[in-house]
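Visitor: These are the residues of each chain, in order.
There are 2 protein chains.
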Amino acid sequence: MARIPYKTYLSESELPKQWYNLRADMKEKHDPFLNPGTLKRLTAEEMYPIFCEELVKLEMDDTTEYFDIPEEVQEYYRTFRPSPLVRAYNLEKALDTPAKIYFKFEGNNTSGSHKLNAAAPMAYYAKKQGLKSLTTETGAGQWGTALSMACAYFGIDLTVYMVKVSYEQKPFRKGVIETYGAKIIPSPSDTTEAGRAILAKDPNTGGSLGCAISEAIEASLRDKDCRYALGSVLNQVLLFQSVIGLESKIALEKLGEYPDVVVGCAGGGSNLGGLIAPFMKDKLQGKVNTRFVAVEPASCPSFTRGKYAYDFCDTARITPLAKMYTLGSNFIPSPNHAGGLRYHGMSPVLSKLYHDGYMEAISAEQTKVFEAAVKFAQVEQILPAPESAHAIYGAIQEALKCKESGEAKTILFGLTGTGYFDLKAYMQYNEGAMDDYIPTDEDLQKGFEGLPKIDGNVI
Amino acid sequence: MARIPYKTYLSESELPKQWYNLRADMKEKHDPFLNPGTLKRLTAEEMYPIFCEELVKLEMDDTTEYFDIPEEVQEYYRTFRPSPLVRAYNLEKALDTPAKIYFKFEGNNTSGSHKLNAAAPMAYYAKKQGLKSLTTETGAGQWGTALSMACAYFGIDLTVYMVKVSYEQKPFRKGVIETYGAKIIPSPSDTTEAGRAILAKDPNTGGSLGCAISEAIEASLRDKDCRYALGSVLNQVLLFQSVIGLESKIALEKLGEYPDVVVGCAGGGSNLGGLIAPFMKDKLQGKVNTRFVAVEPASCPSFTRGKYAYDFCDTARITPLAKMYTLGSNFIPSPNHAGGLRYHGMSPVLSKLYHDGYMEAISAEQTKVFEAAVKFAQVEQILPAPESAHAIYGAIQEALKCKESGEAKTILFGLTGTGYFDLKAYMQYNEGAMDDYIPTDEDLQKGFEGLPKIDGNVI
Numbered sequence: 001m002a003r004i005p006y007k008t009y010l011s012e013s014e015l016p017k018q019w020y021n022l023r024a025d026m027k028e029k030h031d032p033f034l035n036p037g038t039l040k041r042l043t044a045e046e047m048y049p050i051f052c053e054e055l056v057k058l059e060m061d062d063t064t065e066y067f068d069i070p071e072e073v074q075e076y077y078r079t080f081r082p083s084p085l086v087r088a089y090n091l092e093k094a095l096d097t098p099a100k101i102y103f104k105f106e107g108n109n110t111s112g113s114h115k116l117n118a119a120a121p122m123a124y125y126a127k128k129q130g131l132k133s134l135t136t137e138t139g140a141g142q143w144g145t146a147l148s149m150a151c152a153y154f155g156i157d158l159t160v161y162m163v164k165v166s167y168e169q170k171p172f173r174k175g176v177i178e179t180y181g182a183k184i185i186p187s188p189s190d191t192t193e194a195g196r197a198i199l200a201k202d203p204n205t206g207g208s209l210g211c212a213i214s215e216a217i218e219a220s221l222r223d224k225d226c227r228y229a230l231g232s233v234l235n236q237v238l239l240f241q242s243v244i245g246l247e248s249k250i251a252l253e254k255l256g257e258y259p260d261v262v263v264g265c266a267g268g269g270s271n272l273g274g275l276i277a278p279f280m281k282d283k284l285q286g287k288v289n290t291r292f293v294a295v296e297p298a299s300c301p302s303f304t305r306g307k308y309a310y311d312f313c314d315t316a317r318i319t320p321l322a323k324m325y326t327l328g329s330n331f332i333p334s335p336n337h338a339g340g341l342r343y344h345g346m347s348p349v350l351s352k353l354y355h356d357g358y359m360e361a362i363s364a365e366q367t368k369v370f371e372a373a374v375k376f377a378q379v380e381q382i383l384p385a386p387e388s389a390h391a392i393y394g395a396i397q398e399a400l401k402c403k404e405s406g407e408a409k410t411i412l413f414g415l416t417g418t419g420y421f422d423l424k425a426y427m428q429y430n431e432g433a434m435d436d437y438i439p440t441d442e443d444l445q446k447g448f449e450g451l452p453k454i455d456g457n458v459i
Numbered sequence: 001m002a003r004i005p006y007k008t009y010l011s012e013s014e015l016p017k018q019w020y021n022l023r024a025d026m027k028e029k030h031d032p033f034l035n036p037g038t039l040k041r042l043t044a045e046e047m048y049p050i051f052c053e054e055l056v057k058l059e060m061d062d063t064t065e066y067f068d069i070p071e072e073v074q075e076y077y078r079t080f081r082p083s084p085l086v087r088a089y090n091l092e093k094a095l096d097t098p099a100k101i102y103f104k105f106e107g108n109n110t111s112g113s114h115k116l117n118a119a120a121p122m123a124y125y126a127k128k129q130g131l132k133s134l135t136t137e138t139g140a141g142q143w144g145t146a147l148s149m150a151c152a153y154f155g156i157d158l159t160v161y162m163v164k165v166s167y168e169q170k171p172f173r174k175g176v177i178e179t180y181g182a183k184i185i186p187s188p189s190d191t192t193e194a195g196r197a198i199l200a201k202d203p204n205t206g207g208s209l210g211c212a213i214s215e216a217i218e219a220s221l222r223d224k225d226c227r228y229a230l231g232s233v234l235n236q237v238l239l240f241q242s243v244i245g246l247e248s249k250i251a252l253e254k255l256g257e258y259p260d261v262v263v264g265c266a267g268g269g270s271n272l273g274g275l276i277a278p279f280m281k282d283k284l285q286g287k288v289n290t291r292f293v294a295v296e297p298a299s300c301p302s303f304t305r306g307k308y309a310y311d312f313c314d315t316a317r318i319t320p321l322a323k324m325y326t327l328g329s330n331f332i333p334s335p336n337h338a339g340g341l342r343y344h345g346m347s348p349v350l351s352k353l354y355h356d357g358y359m360e361a362i363s364a365e366q367t368k369v370f371e372a373a374v375k376f377a378q379v380e381q382i383l384p385a386p387e388s389a390h391a392i393y394g395a396i397q398e399a400l401k402c403k404e405s406g407e408a409k410t411i412l413f414g415l416t417g418t419g420y421f422d423l424k425a426y427m428q429y430n431e432g433a434m435d436d437y438i439p440t441d442e443d444l445q446k447g448f449e450g451l452p453k454i455d456g457n458v459i
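Keeping their order, the protein sequence lines are chains A and B. Note that the first sequence covers residues 1 to 459 in my numbering. Note that the second sequence covers residues 1 to 459 in my numbering.
Chain A with its partners taken away, still in its complex shape:
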């Protein structure tokens, strides 16, 4: 049997010229962001000091179905897109499954992940607004790298607050981010009030995405020509990431395929939300019965063990409140190696879809995730990021179910990135020294300690 095509690349003329806004097709919208002071719906004006104006407009718009991708952003996309849709023939063979496994591989760019899809418009809109600089946070470092690349391209200064434990796990992220001309600061740091407060509480903390967000926002507010950029969770991010799903759908159509199951890793939801968007549209319109499976780390289980409640997006409680699945904004996840998934909250859009039964979620322990990663690396010849390996793990579970049932289902998963900066993690796995910490119910309780009660909600 000729195993062709192995990879499907769209031509540049086939690339999406519009982003797709999944919210426009949701009959029930997610609950709005709230101003934590007034507990009233957040207005655009309240967001302008933090985010670019164009981004705020995109953030608030839950009715427009498609937005044009600016020419300049399309041109930038062509430096790293299209990404290939790959048929995992070798993995299928290794699993001896009748399932057809496809993955959309977003890692073939210097940021190492899908994060460039959102970084590009953020840097572009900042430039267009006449801003001079941006601040941001980064967990695994992929987002920070992506934004540093896009900022170098569009001519915007950037400061990146990187979660300290990841900064130490991945010493070379600093090198690449600085090569792109950005400044990088391990978080929590003494450069912000938020950071100093967190350090005062626990000087040895490894930090968290929630802490780093607090610092980046505080730093951006100091300068009128600076704004803050966030690489996940937000509606605008899911919108930008829709290129992943849109490209996947066109490529699958060329192959005469439609996925029965779509699997993605879930941290803040940036990749998952983008990957599933056009397929979820079909499901929301009652056209298909495709299943959607989020895979998260057992050490940071927002969907599977979190609460659906209003919560802050950061640790220092300076962000608006979002209705989402959350482990509590006080939750500091254990230092597993999937830094991009170590976030207490989850995209409000995905939270709503999960809550309404359109999506499923599972969690996986770290050793099992790396087992899947190494198997995949050996047979498919791509070393995946630990985050991405959660999706591989989930896809393998689905493929093994097919082996049992004999069903030749079509599985699509998102391979968000590469693990070239995660070798410390792989070396730990190879030595059999991986930590499989799972929070107890008590640990989880701590995430909500001291948080205000809002609108009858649990926090």
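Simulated from the structure, these hints should not be mistaken for lab results.
Heads up, the list lumps identical chains together, so a pair's fine if it works in one copy or across two of them.
Listed below are the simulated BS3-like cross-link pairs for lysine-lysine, each with C-alpha atoms no more than 30 angstroms apart in a straight line:
#: 1; residue 1: Lys17; residue 2: Lys7
#: 2; residue 1: Lys132; residue 2: Lys183
#: 3; residue 1: Lys100; residue 2: Lys7
#: 4; residue 1: Lys100; residue 2: Lys17
#: 5; residue 1: Lys7; residue 2: Lys127
#: 6; residue 1: Lys127; residue 2: Lys93
#: 7; residue 1: Lys27; residue 2: Lys287
#: 8; residue 1: Lys183; residue 2: Lys424
Starting from the structure of chain A, add chain B where the hints point.
Guide: Only chain B this time, still in chain A's reference frame:
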């Protein structure tokens, strides 16, 4: 002006099904390998204990123009090929040059370079011959990673001797090579006689490719089911790497282009030889006047300051003798960051072409190479390997000449790989702490000390 296409990917059905053997079109062949004991032309039988039989046949054949790529290797190639041909619009703009700059980007795979092109058939032919294991050396680690990946895929055990200075510069190469199930040993080591002899002479040596080759060959000879694999220099390697040039030529034809200048980095010649092959064919046949430019580190200048002479391919003098441009097999290059270019010798095929005036060569100091690398990373959004950055440097020089003359030449260069494992080097550059060591004539003299005189030649 619409800057499309930015990237050109061939379809899988357009991928080369044969390797092209440049030697078949050379009117004057390069001088044969010699047995160092007898000083007679090396026979196939003498090579069988070291290399797979099929590889020896390919190595010796300088008349057959094309060889079929086995189905299994074609299938493996599809896991990472086609590689894109990219129009460097952004670099052209940054240089304000009328030149059209294209690069063939071989770095989008987990090995991070073109090295997989040769690793695949070497692992495949070893398997086909019923061998159990291979040994090899690696400088920067890209070849070792590539061969570990191909060996994992085809089911062959592998031991990699990695040049010690690179092993220390790139601590995470170990992680990826071990993830693919191979064993890695910093060289020189105490696991071989060659290694122990080199260590006895200089316990603090950082090693060299020449040392590591000695160790890998010695280790392979211990086991009848084991052979040695070499990632550069050899004719077979240039043959396998011809897919780079073949793909480039098809893609350029689609665009209605033919290069006026082809630029590549040169260490042992693996990428350069593959990139130029089909274009050099046209030149050898008098059809074109294309210029070919090799770029090498000023710290290891085989072409530009070496001698054209018979020499050993390794330090311990256990290999056959090759007629090539060489700095002398006793030469230990300074620990610059382009580990893949730190080799005393050069492909005999390229040496012959250079000697006969078909190719040019320049050398570049490290700081200038990194300057080019950082500029390229910022505008083209790909972080290049230090080796590849030599080609970028060379291409920029050609583009600047066009700016002066106003000529809109078409420049093609080989972007062999990515710098994700070279961040220590970038960090050193960012800190302004880069070493620009250039060997003195006296240093170069030492490379030849104690070597036998052969056939009236200088060594």
